[in-house]
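Starting from the structure of chain A, add chain B where the hints point.
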Amino acid sequence: NAGVTQTPKFRILKIGQSMTLQCAQDMNHNYMYWYRQDPGMGLKLIYYSVGAGITDKGEVPNGYNVSRSTTEDFPLRLELAAPSQTSVYFCASSHQGGMNTEAFFGQGTRLTVV
Amino acid sequence: AQSVTQLGSHVSVSEGALVLLRCNYSSSVPPYLFWYVQYPNQGLQLLLKYTTGATLVKGINGFEAEFKKSETSFHLTKPSAHMSDAAEYFCAVSDKAGANNLFFGTGTRLTVIP
Numbered sequence: 001n002a003g004v005t006q007t008p009k010f011r012i013l014k015i016g017q018s019m020t021l022q023c024a025q026d027m028n029h030n031y032m033y034w035y036r037q038d039p040g041m042g043l044k045l046i047y048y049s050v051g052a053g054i055t056d057k058g059e060v061p062n063g064y065n066v067s068r069s070t071t072e073d074f075p076l077r078l079e080l081a082a083p084s085q086t087s088v089y090f091c092a093s094s095h096q097g098g099m100n101t102e103a104f105f106g107q108g109t110r111l112t113v114v
Numbered sequence: 115a116q117s118v119t120q121l122g123s124h125v126s127v128s129e130g131a132l133v134l135l136r137c138n139y140s141s142s143v144p145p146y147l148f149w150y151v152q153y154p155n156q157g158l159q160l161l162l163k164y165t166t167g168a169t170l171v172k173g174i175n176g177f178e179a180e181f182k183k184s185e186t187s188f189h190l191t192k193p194s195a196h197m198s199d200a201a202e203y204f205c206a207v208s209d210k211a212g213a214n215n216l217f218f219g220t221g222t223r224l225t226v227i228p
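Residue numbers (this note's numbering), protein chains in the order written: chain A, 1 to 114; chain B, 115 to 228.
For reference, chain A alone in the conformation it holds in the complex:
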């Protein structure tokens, strides 16, 4: 069972570079989410999607973009990387009912911007 798969696991970016964090789930979940986890902090929601073609901002969307062209994939785009975006990024998915049902998380992508 693959569950939620994130790539890459680690990445170092230079300031101003761009990159896409990939997230795929094979559970046919409608809801998908991107969180960031900063040291000593809880997870903060960046963007979420309730289905293909539908996305919405979370608590901390600035500097990020997302798309949801298929049910399976929910990539997160950083256009102009900044040191403040150094964090661990988690993708998650859930069935109907949003985060009140069980959410399944990927293993995370550790991003460092230098």
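Note that these hints are calculated values from the structure, not bench results. For glycine and all other residues, C-beta sits at the position ideal for the given N, C-alpha and C. A portion of the hints provided could be inaccurate.
With the C-beta cut set under 8 Å, the calculated list includes, among others, these residues of chain A facing chain B [to be verified]: (1) 4; (2) 40; (3) 48; (4) 54; (5) 64; (6) 111.
Positioned in the frame of chain A, the structure of chain B alone reads:
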């Protein structure tokens, strides 16, 4: 607005001892409460959740938590710690069914001493 406070960023217990991880929440409406566990280099995994009904909730791996409205608490306990319980534990809250976000606490790292 919802928020979660986890008292103690690090907790150490001896193997076989009681585990108690504290969580207090703030919510203007009846909350939905969750505990997630994060093992090293892995994503978060749901331990247990409270939505409605019985206030004592049992989860996986022998953990349980009790919702106490009068104390606005949802502490996580386990009678006897195992080495495999060493991980980071996150308490989270949402305010409504079908919520698209959870508000996470800052986490408690549990160390189990042999």
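Status of each hint after checking the structure:
no., hint, result
1, 4, "holds, 7 Å"
2, 40, "holds, 6 Å"
3, 48, "holds, 5 Å"
4, 54, "violated, 11 Å"
5, 64, "violated, 15 Å"
6, 111, "violated, 15 Å"
Checked against the numbered hints listed earlier, the structure breaks hints 4, 5 and 6; every other hint is satisfied.
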